[in-house]
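Colleague: So the chains spell out like this:
2 protein chains.
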Amino acid sequence: MASHFADRLCDAVKTKKTSLIVGLDPIYSRLPPAITSHRQMNDEFDVAAAVDAIFDFCTQTMRIVGPMVPAVKINIAFFEKYLWDGIEAYYALITEADDLGLEVIGDVKRGDIGHTAEFYASAHLENPELVGLEDTLAPDAITINGYTGIDGIEPFADVADRQGKGVFVLVRTSNPSAAEIQDFTDANGQTMYEKIAEIVGQIANKPERIGKSGYSNIGMVVGGTAPEVTTALRRKYDKVWFLVPGYGSQGATAADCVRFCKPDGTGALINASRSIIYAYEKPQYKSQFGDDWKRCIEQAVIDAKVDLASAMQTLI
Amino acid sequence: MASHFADRLCDAVKTKKTSLIVGLDPIYSRLPPAITSHRQMNDEFDVAAAVDAIFDFCTQTMRIVGPMVPAVKINIAFFEKYLWDGIEAYYALITEADDLGLEVIGDVKRGDIGHTAEFYASAHLENPELVGLEDTLAPDAITINGYTGIDGIEPFADVADRQGKGVFVLVRTSNPSAAEIQDFTDANGQTMYEKIAEIVGQIANKPERIGKSGYSNIGMVVGGTAPEVTTALRRKYDKVWFLVPGYGSQGATAADCVRFCKPDGTGALINASRSIIYAYEKPQYKSQFGDDWKRCIEQAVIDAKVDLASAMQTLI
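Taken in sequence, the protein lines are chains W and R. Its first residue numbered 1356, the first sequence is counted upward by one per residue in the numbering used here. Its first residue numbered 1356, the second sequence is counted upward by one per residue in the numbering used here.
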């Protein structure tokens, strides 16, 4: 863990030969019947049963995808719904992912200033050195919101540095209403997201943050659904990893997303969540593999990797 | 709870005759020795001991301030540091505050889009209807980050509406580096924070969101340290409650903060955290009350109320 986060990412992406990562957004009502029909997991309105089901689903999914992708992104919102039991499951999943050799991105989108930011950073990036939590790990990296400026980003970056971990700051999101705020433009033609990217770039480019791979441990979240912004950001911030949501269910194509990668395939993590973890809902997989939900997920990962690899070929 | 959040706030502010609210940012190393010398609470690095100490401190503090202020703001970052045990304590404190008749603002600064925002909203605003969590309450209102635009705000507003609760969206924060992003200005002279205020205003001003008091359940977080922005926002968004951080330790004066209030004293919640809850560290109180930390906190609340009331007199 003392190694550099960006270097670990590079190794993982090269080893798994893909920039695809899998996002875990577990929703009880969409879990495979094979899990929710289990006697102890068949009650959506019972916290213990629901959390057990979600944990089981995520663990099994990570075992399937683990050998094929460099990282998983765990979305904490889906665990916070179950309050403290959900949070315990979230951290337990991080340990499971670590055991599988996966890099783990905690998609927590925290953001605040001063002391509060330090406490969030400690909670979400620091492996706890607390009696009662000895075996607990924090994620390898988290997502944060940079609306409060440098004061709100540096406390996270500092903890990440000390722990060999990383931070991805929201720059341009993939939702329809993002433009109204993030494309807000000043008199010189600079947009809000470009301004935030500039601030993140300054933090990321500090020499002590650059690993052997040439990348920083501080990255940016930029949606794949806004491909027009991609090439400029990739060129301007050549030491930065991009975390790219929106591939698959949110509508970004492989061609849109691979623009964030460098020719060697590093530099971007392209996340697919629902299109992978709920693959068993899709007729194309259902018709092929029936109730074998794990085989559906496996095939969806294979297909997504091929899709991205083909798009990379076209790009190069 | 079916009542309108803004109406409850109005009643509470009028009953307690102040816009002052107390923020709970508990840091173990700053707790009064009377608590941390307790045999079972004297280990900062033991999760159970530390959480017990923090919970005890916050509960006792709320009992002191409860009769004097309309609301408390509980900052979840200071609980997340203790992972799931911390989260359990956070929710337990909400119940304690509710028993004391206090409105509770969960300072969680969540923000995301689509499904994720819905899950955050459910976790943080919906009283859980889950077996195993029957007696658990969510806060009366939470803070959120609006950088993703309307898509990221409306899911929270919708849950708040259904639950008789409220949302405060970050508009202008009180930290030094906020200006770089939030005062980013377009060609027409509109700033980023004014743009976000405009979006929040549209959401807040929907007639179905306005209570009998004339206020909306959707409000704005605007720091007291930027008084030049205050009067304009107060005038423009007359149906909105402002949550004002920065009074006390962060440097905003009473005169700066009361500009957010209407002449009848409603319309703003002025938060003081460290200047109240750590009052026993201050020479002015220590010399007067010695080790009686509770008396120090009580006096700090009295003093802050007088300070704000005097400033209000000057304003009117």
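Please keep in mind that the hints were generated in silico from the structure rather than gathered at the bench. Every residue gets a Cβ at the ideal spot worked out from N, C-alpha and C, and that includes glycine. Treat the hints with care, as some may be off.
Facing chain W, according to a computed beta carbon distance under 10 angstroms, are these residues of chain R, among others [claimed, not checked]:
#1 His1359
#2 Ala1404
#3 Ala1432
#4 Ala1472
Derived lysine-lysine pairs resembling DSBU-like cross-links, with alpha carbons at most 35 angstroms apart [as the list claims (entries may be wrong)]:
#5 W/Lys1637 / W/Lys1372
#6 R/Lys1369 / R/Lys1550
#7 R/Lys1561 / R/Lys1591
#8 W/Lys1561 / R/Lys1550
#9 R/Lys1550 / W/Lys1594
#10 W/Lys1567 / W/Lys1371
#11 R/Lys1617 / R/Lys1550
#12 R/Lys1550 / R/Lys1660
#13 W/Lys1591 / R/Lys1660
Colleague: Compare the structure with each hint and give your call.
Modeller: How the hints compare with the structure:
no.: 1; hint: His1359; in the structure: violated, 25 angstroms
no.: 2; hint: Ala1404; in the structure: holds, 8 angstroms
no.: 3; hint: Ala1432; in the structure: holds, 4 angstroms
no.: 4; hint: Ala1472; in the structure: holds, 8 angstroms
no.: 5; hint: W/Lys1637 / W/Lys1372; in the structure: holds, 26 angstroms
no.: 6; hint: R/Lys1369 / R/Lys1550; in the structure: holds, 31 angstroms
no.: 7; hint: R/Lys1561 / R/Lys1591; in the structure: holds, 15 angstroms
no.: 8; hint: W/Lys1561 / R/Lys1550; in the structure: holds, 32 angstroms
no.: 9; hint: R/Lys1550 / W/Lys1594; in the structure: holds, 32 angstroms
no.: 10; hint: W/Lys1567 / W/Lys1371; in the structure: holds, 19 angstroms
no.: 11; hint: R/Lys1617 / R/Lys1550; in the structure: holds, 23 angstroms
no.: 12; hint: R/Lys1550 / R/Lys1660; in the structure: holds, 33 angstroms
no.: 13; hint: W/Lys1591 / R/Lys1660; in the structure: violated, 51 angstroms
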